[in-house]
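Line by line, the protein sequences are chains S and Y.
With full-length UniProt numbering applied, the first sequence corresponds to residues 1 to 356, in that order.
With full-length UniProt numbering applied, the second sequence corresponds to residues 1 to 356, in that order.
Some clues are possibly wrong.
Okay, the calculated bits of chain S under chain Y, using three or more residues with CB under 8 Å as the criterion [stated by the list, open to error]: (1) 217-229; (2) 236-243.
Listed next, the in silico BS3-like pairs over lysine-lysine satisfying Cα-Cα at most 25 Å (straight line) [unchecked claim]: (3) S/213 with Y/213; (4) S/11 with Y/11; (5) S/7 with Y/7; (6) Y/4 with S/181; (7) S/4 with Y/7; (8) Y/4 with S/4; (9) S/213 with Y/11; (10) Y/4 with S/11; (11) S/326 with S/311; (12) S/7 with Y/213; (13) S/343 with Y/4; (14) S/11 with Y/213; (15) Y/31 with S/213; (16) S/11 with S/181; (17) S/7 with Y/343; (18) S/213 with S/4; (19) S/7 with Y/31; (20) Y/7 with S/31; (21) Y/11 with S/4; (22) S/181 with Y/213; (23) Y/181 with S/11; (24) S/31 with Y/4.
These are computed hints drawn from the structure, not numbers from a lab.
These figures come from a predicted structure and were not determined experimentally.
We put the CB at the ideal spot given by N, CA and C, even for glycine.
Letter by letter, the chains look like this.
There are 2 protein chains.
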Amino acid sequence: MSFKNFKVVPKMIFGRGSFAQLDEVLAEERKQANDFVVFLVDDVHKDKPLADRVPVKPQDKLIWVNVDDEPSTKQVDELTLEVQAHSDSLAVSVVGIGGGSAMDLAKAVALMLTNEGGSAKYQGWDLIENPAVHHIGIPTLSGTGAEASRTTVLCGPERKLGMNSDYTVFDQIIMDPELIKDAPTDQWFYTGMDCYIHCIESLEGTYLNEFSKAYGEKSLALCRQVYLDDHPESDDKLMMASFMGGMSIAYSQVGACHALSYGLSYVLGYHHGIGNCIAFDVLDEFYPEGVKEFRQMMEKHNITLPKGICKDLPDETIAKMVKVAKSLGPLWHNVYGDGWEEKVTDQLLTDLYRRI
Amino acid sequence: MSFKNFKVVPKMIFGRGSFAQLDEVLAEERKQANDFVVFLVDDVHKDKPLADRVPVKPQDKLIWVNVDDEPSTKQVDELTLEVQAHSDSLAVSVVGIGGGSAMDLAKAVALMLTNEGGSAKYQGWDLIENPAVHHIGIPTLSGTGAEASRTTVLCGPERKLGMNSDYTVFDQIIMDPELIKDAPTDQWFYTGMDCYIHCIESLEGTYLNEFSKAYGEKSLALCRQVYLDDHPESDDKLMMASFMGGMSIAYSQVGACHALSYGLSYVLGYHHGIGNCIAFDVLDEFYPEGVKEFRQMMEKHNITLPKGICKDLPDETIAKMVKVAKSLGPLWHNVYGDGWEEKVTDQLLTDLYRRI
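So that you can see chain S by itself, here it is in the shape it has in the complex (with noise of 0.2 Å):
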């Protein structure tokens, strides 16, 4: 038995104003005069006050990114490309400010920077060979826990699939609750839910240890005072509990509803957290608690899931994302343990997506 060695962000600001800090940090790294930053922020925040306080120099590279779609390799070597033509030289930080896309693709820039071939080779586990571009990443929207993890998952042209090392992890982060309040509900919902959800999988999960567990149980009672308490304080709440969610994925594991959601968002294109949301809401028979739970927030939040979306599409696509749920192995390997492949069937998964 081995354990992982896990690899976490080294340093980390957590204060309601602290993203005011962030022209210091990146101060740090400026060593040259002509020394250049990219930032990669969300366009939701391209009118909003945000976009006047990026501390960004002259010499540096703003690129307002759009995650509508769900992050692709081929959006990450355009990136990539951009960033190159704007400087011979390579960039001292690369910042994402956003959610998990926006925090994702600044992962994978950085990344890219320093290895070369375009970002579909390098989805898997442990293929990247150069360090990353030292980056930055800065939520303003919590709950995916990209902010914590060592992948930035992409849509590429066989799957969506993580790029997975210890030199995807940030070199910092910057938590500031100020940053999430104004996100419009419904993102708000669906993207702490992928939280929650992930917590429910991982600790009903065979994959569980100490550590893992710590970490989920506190997320998990930090969800339930956002989403089910209004507590006075949910901004910063929310925003650990994202935090500490990315934190127990160390020794666990996410499970049957990560599983389904891959499956429509690569097939449909749903986005993570709202696919997460309606894959959950059919898997009673897993995490009966979990999932009633989840109705009772919706109601709370007035949530409205979309309904029938699989029930009539055509066998072939159904097909398809049955494909894609059934090759995640070590989901389901941490649903039942050994001997998941005879219980994950064709029709077991076909059940299910006609359901959501």
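Following the hints, position chain Y against chain S.
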């Protein structure tokens, strides 16, 4: 308002039996044939099974360290000389195996191998100039949080004070719950109470934010499972409680108990763990619920504290302790907030010490 940019241990392994992975972890640091590693191991393990499991190579230096007394700047400087006498080149890693004292010695020696002039010179905040040698912490006693912290606390010529710096933080920790299962009950209790008391002090303090609160609350809940519920996975839980207690210090601070305890250690030589317990037992007015629960824990584990230690001490001895306790401004600021100077009088502290 500026928030601390919190440096944490970037790589960690958690798991039963994970001590066996130390050799593999060190292999990544050993690049040349004669690269050597320094092991500082608490001498309580000298004739125990763990001694044979330390992966020492012929070129390495293993030193059994005695921590009957609290670590001192003198001891650190002597150990540093001993390591320097072993080889003209720099060690590739310094490994501390033991409780908070042994781990603190490893941190301090790793710093002193690259920073000249003796450790007393660096007691304080951010005085270290050069990065330390790579260093690894492996707790065999849990509760101090030394595995997670940015300090190494030393008794120096003038006072007991840490070398606090980002360079102090371990590069790697290995948390193997099997290593703490054979600790003598007294030490297991006193060291674990360091964590429990630290949580009470920070959760009731004025410095707290949601980052430290989330960690502190979970750490406290784990302490309760260990010391009140006799949970079957107590070793795993105590190890996580200690780690999370250490993480919670990011945006919090200890309080009245640690202030009194520092005086007891410095003047009377009490070890940190038992010193905290003795001090906490007279702090009903400060932490009524916490002290009550602490006494339940003592009763459950048949712990008897020494009593009447300070009752008959000469006034000048008490005055010395009062001076140490009073000098710890941030701790009292955390207790009382602004204006603490008027509240923390010599009389208050003298009365508290006389009750000890």
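Does residue 11 of chain Y lie within 25 Å of residue 213 of chain S when you go C-alpha to C-alpha?
18 Å, holds
Agreement of residue 11 of chain S and residue 213 of chain Y with the hint, judged by alpha carbon distance not exceeding 25 Å:
Roughly 18 Å separates the two Cα atoms, so the pair holds.
Holds or violated: are the alpha carbons of residue 7 of chain S and residue 7 of chain Y at most 25 Å from each other?
OK: residue 7 of chain S and residue 7 of chain Y at ~13 Å, within 25 Å.
Holds or violated: residue 31 of chain S and residue 4 of chain Y, Cα atoms, limit 25 Å.
Holds: residue 31 of chain S and residue 4 of chain Y sit about 22 Å apart, inside 25 Å.
For the pair supplied as a hint, residue 7 of chain S and residue 343 of chain Y, is the alpha-carbon distance within the 25 Å limit?
44 Å, violated
Between residue 343 of chain S and residue 4 of chain Y, does the CA-CA distance stay at or below 25 Å?
With a Cα-Cα distance of about 49 Å, the restraint between residue 343 of chain S and residue 4 of chain Y is violated, given a limit of 25 Å.
Agreement of residue 181 of chain S and residue 213 of chain Y with the hint, judged by alpha carbon distance not exceeding 25 Å
Cα-Cα ~20 Å, so holds.
8 Å C-beta criterion, at least three residues: is the segment 217-229 of chain S covered by chain Y
As far as the segment 217-229 of chain S goes, the hint holds, because 3 residues have Cβ atoms under 8 Å from chain Y.
What's the verdict on residue 4 of chain Y and residue 11 of chain S, does the C-alpha distance respect the 25 Å limit or exceed it?
Within the cut-off at roughly 10 Å; holds.
Restraint status (C-alpha distance of residue 4 of chain Y to residue 4 of chain S at most 25 Å):
Not OK: residue 4 of chain Y and residue 4 of chain S at ~29 Å, beyond 25 Å, violated.
Is residue 213 of chain S close enough to residue 4 of chain S, meaning Cα to Cα at most 25 Å?
OK: residue 213 of chain S and residue 4 of chain S at ~15 Å, within 25 Å.
Does residue 11 of chain S pair with residue 181 of chain S here, judged by a C-alpha cut-off of 25 Å?
Measuring from Cα to Cα gives roughly 23 Å; hence the hint holds.
In the structure shown, a violation is registered for the earlier hints numbered 8, 13, 15, 17, 23, in ascending order.
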